[in-house]
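Here is what each chain is made of, one letter per residue.
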Amino acid sequence: MNQLIISPVILPLLIGILLLFLREQDIFAKRVISILSLITQLSLALLIIQAVSHGNILSYALGNWPAPFGIVLVADRLAAWMLIITALLSIFAFIYSTLGTDRVGRHFHVLFQLQLFGLNGAFLTSDLFNLFVFFEILLLASYGLLLHGGGRLRTKAGLHFVVVNLAGSTLFLFAVGTLYGILGTLNMADLALRAASVAPENIALVRAAGLLLFSVFALKAALLPLYLWLPTAYANTSAPVAALFAIMTKVGAYSILRVYTLIYGEKAGPAANLLEYWLLPLALSTIIVGSIGLVGSKHLRTQTAYLVVVSVGTLLTAFGLSSTLGISAGLYYLPHTTFATGALFLLVDAVLIRRGDFSDRLDPGPVIASHHLFGGLFFITAMLMAGLPPFSGFLGKFMLIKASLNHPALPWVMTIVLIGGLLSMIALARSGSLIFYRANAAYVDETITKIKVLPHTHRPNTRELLPIFGLLSLCLAMTICAEPIIRFTNATALQLLSPEQYVHAVLGKRS
Amino acid sequence: MEALISVMIGVLTACGIYLSLRNRTFSVVLGLTFLSYAVNLFLFVMGRLTVGAPPIISDAQTKYADPLPQALVLTAIVISFAMTAFVIVLSLKARADLGNDHVDGKEEA
Numbered sequence: 001m002n003q004l005i006i007s008p009v010i011l012p013l014l015i016g017i018l019l020l021f022l023r024e025q026d027i028f029a030k031r032v033i034s035i036l037s038l039i040t041q042l043s044l045a046l047l048i049i050q051a052v053s054h055g056n057i058l059s060y061a062l063g064n065w066p067a068p069f070g071i072v073l074v075a076d077r078l079a080a081w082m083l084i085i086t087a088l089l090s091i092f093a094f095i096y097s098t099l100g101t102d103r104v105g106r107h108f109h110v111l112f113q114l115q116l117f118g119l120n121g122a123f124l125t126s127d128l129f130n131l132f133v134f135f136e137i138l139l140l141a142s143y144g145l146l147l148h149g150g151g152r153l154r155t156k157a158g159l160h161f162v163v164v165n166l167a168g169s170t171l172f173l174f175a176v177g178t179l180y181g182i183l184g185t186l187n188m189a190d191l192a193l194r195a196a197s198v199a200p201e202n203i204a205l206v207r208a209a210g211l212l213l214f215s216v217f218a219l220k221a222a223l224l225p226l227y228l229w230l231p232t233a234y235a236n237t238s239a240p241v242a243a244l245f246a247i248m249t250k251v252g253a254y255s256i257l258r259v260y261t262l263i264y265g266e267k268a269g270p271a272a273n274l275l276e277y278w279l280l281p282l283a284l285s286t287i288i289v290g291s292i293g294l295v296g297s298k299h300l301r302t303q304t305a306y307l308v309v310v311s312v313g314t315l316l317t318a319f320g321l322s323s324t325l326g327i328s329a330g331l332y333y334l335p336h337t338t339f340a341t342g343a344l345f346l347l348v349d350a351v352l353i354r355r356g357d358f359s360d361r362l363d364p365g366p367v368i369a370s371h372h373l374f375g376g377l378f379f380i381t382a383m384l385m386a387g388l389p390p391f392s393g394f395l396g397k398f399m400l401i402k403a404s405l406n407h408p409a410l411p412w413v414m415t416i417v418l419i420g421g422l423l424s425m426i427a428l429a430r431s432g433s434l435i436f437y438r439a440n441a442a443y444v445d446e447t448i449t450k451i452k453v454l455p456h457t458h459r460p461n462t463r464e465l466l467p468i469f470g471l472l473s474l475c476l477a478m479t480i481c482a483e484p485i486i487r488f489t490n491a492t493a494l495q496l497l498s499p500e501q502y503v504h505a506v507l508g509k510r511s
Numbered sequence: 001m002e003a004l005i006s007v008m009i010g011v012l013t014a015c016g017i018y019l020s021l022r023n024r025t026f027s028v029v030l031g032l033t034f035l036s037y038a039v040n041l042f043l044f045v046m047g048r049l050t051v052g053a054p055p056i057i058s059d060a061q062t063k064y065a066d067p068l069p070q071a072l073v074l075t076a077i078v079i080s081f082a083m084t085a086f087v088i089v090l091s092l093k094a095r096a097d098l099g100n101d102h103v104d105g106k107e108e109a
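First to last, the protein sequences are chains A and B. My numbering applies: residue 1 is where the first sequence begins, and numbers increase by one. My numbering applies: residue 1 is where the second sequence begins, and numbers increase by one.
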């Protein structure tokens with residue numbers, strides 16, 4: 001039995017518990033332990049991706065209970081890909097949090113590790129109820145992180161976030177219960193087998209349960225019309241948490257991809273292609289609504305949050321094409337948008353603390369310290385987010401449009417994705433010129449006293465710049481190493497579209 | 001018995017949905033609690049209703065109750081307990097921070 005697969009799940013849990021015992025200790029010790037844990041998780045993710053890179057799917061039966069009866073963890077290309085993205089993003093988000101976010105309240109480090117526990121578990125599990133449990137773990141940790149530091153707006157946004165997600169959890173349980181009641185199993189591979197041979201009188205129920213599950217995942221992914229919780233929640237939380245949450249919407253997208261290629265995929269018999277008429281139109285409408293929000297935002301952080309909505313729309317458009325090329329385009333776009341959004345949240349925070357009272361309002365404010373550096377970084381990040389050549393955002397969108405060439409919805413995809421990109425560019429260009437070009441030197445004297453009392457100095461700090469540069473260089477690396485990455489995402493998409501491999505790996509000879 | 005239980009789950013769900021759409025945090029919390037009760041019963045019933053049948057295999061028995069929904073329900077109850085406790089504390093915090101118990105933090109004009 002290969003213990004490697006469970007290690008990214010167990011490690012953050014143990015470290016989280018350890019940190020709970022160390023709460024009286026010096027913050028330095030806690031930071032060192034946390035960062036070591038994150039680096040170990042990255043190496044584990046690298047080991048796993050190496051182990052699955054030849055197309056083999058590894059399964060791990062918890063407690064050695066045989067497959068459909070016990071809980072099984074499964075590492076395939078998709079799971080390994082998600083693990084590595086999570087690990088990279090979390091390292092940089094954590095480094096930024098050591099600037100002071102982790103001091104303003106208790107248990108930040110514990111919550112951070114538990115968040116990763118939930119995320120890694122959700123990516124690896126192959127049991128629908130276990131997926132629910134990991135969702136709850138990552139949500140509970142995210143409630144704590146979202147509210148970390150306190151404040152009026154944060155509490156209000158947090159209350160909405162919690163209530164909406166609790167209602168979502170209830171729906172998840174209804175869907176899981178219905179599937180179990182009809183098919184008598186919760187193992188995803190076993191569900192895939194049994195859904196294909198379901199009795200005709202139960203087809204409608206299985207499809208209804210599938211659509212209920214879709215609404216839950218759409219809520220997590222912030223798909224229209226269930227995205228309303230996102231902009232306020234992301235705009236009002238602290239920067240490192242918002243950057244880490246760039247992966248949270250992708251958990252929903254991951255679940256959609258996993259469940260609807262495996263259980264409701266093309267070969268699922270009567271329940272096949274369940275999302276055919278749902279996913280693509282909803283994803284495209286999400287891009288439209290997100291772009292409108294983007295142009296209408298009055299604060300830079302709200303604007304960044306709407307960029308998350310647009311990127312979710314783009315990502316799910318790619319998945320909604322449900323072809324090898326489409327899914328591959330989505331899988332290339334996913335890490336790009338995660339890293340770029342993370343970088344933008346951190347960069348916006350670095351800019352807004354230098355603007356004193358102006359904060360992230362989109363008004364011409366003071367000339368900020370080191371404006372050349374931050375202006376340049378903003379320019380590059382904006383190009384990444386808007387998908388302009390020559391960076392990875394452009395490659396992702398190019399792959400998406402290329403994948404849609406043979407799809408009947410081509411005119412819709414082409415128009416909406418391109419106009420969405422144009423609106424992102426306009427909105428970001430406007431914000432950039434308001435904050436950097438039209439900044440007025442006269443404001444400096446007015447606000448300088450207020451800047452001084454902030455914990456940051458005028459000179460950029462290493463712990464501030466390293467995460468931003470790190471995330472941006474990951475995007476650059478994705479541009480330079482595009483060929484091997486696209487080869488990997490193509491192989492991942494092929495693996496997802498032939499679910500019998502997954503079923504065979506989990507259930508062995510019985511399939 | 002099936003009819004009675006389904007009606008009960010339906011009524012609980014309906015109350016839950018109605019209450020969670022109200023504008024005070026207290027009724028929202030109550031609504032979420034009703035919803036979680038309903039879903040717990042629903043999960044339990046998904047193993048089919050049996051009377052006097054044990055979930056553990058023995059030689060003397062031929063009829064069994066499905067043990068898995070019972071385990072699922074136990075997990076779901078624990079999680080919903082924790083979540084309810086959390087949302088109650090958060091509502092109290094919102095009451096303290098925002099000055100009233102409206103879900104949007106402000107009274108209507």
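A hint or two may mislead.
As the list claims (entries may be wrong) - Examples of chain A residues toward chain B, derived with CB under 10 Å:
id: 1; residue: F129
id: 2; residue: R154
id: 3; residue: F174
id: 4; residue: L186
Honestly, the hints are just simulated from the structure, not real lab data. Here the structure is a predicted model, which is why all the values come from computation and not from measurement. Built from N, CA and C at the ideal position, the CB exists for glycine as well.
Evaluation of the provided hints:
1. F129: Because about 6 Å separates F129/A from the closest Cβ in chain B, which is inside the 10 Å limit, the hint holds.
2. R154: holds (9 Å)
3. F174: Nearest chain B Cβ about 6 Å off; hint holds.
4. L186: holds (8 Å)
Every hint, counting from the list given before, is met by this structure.
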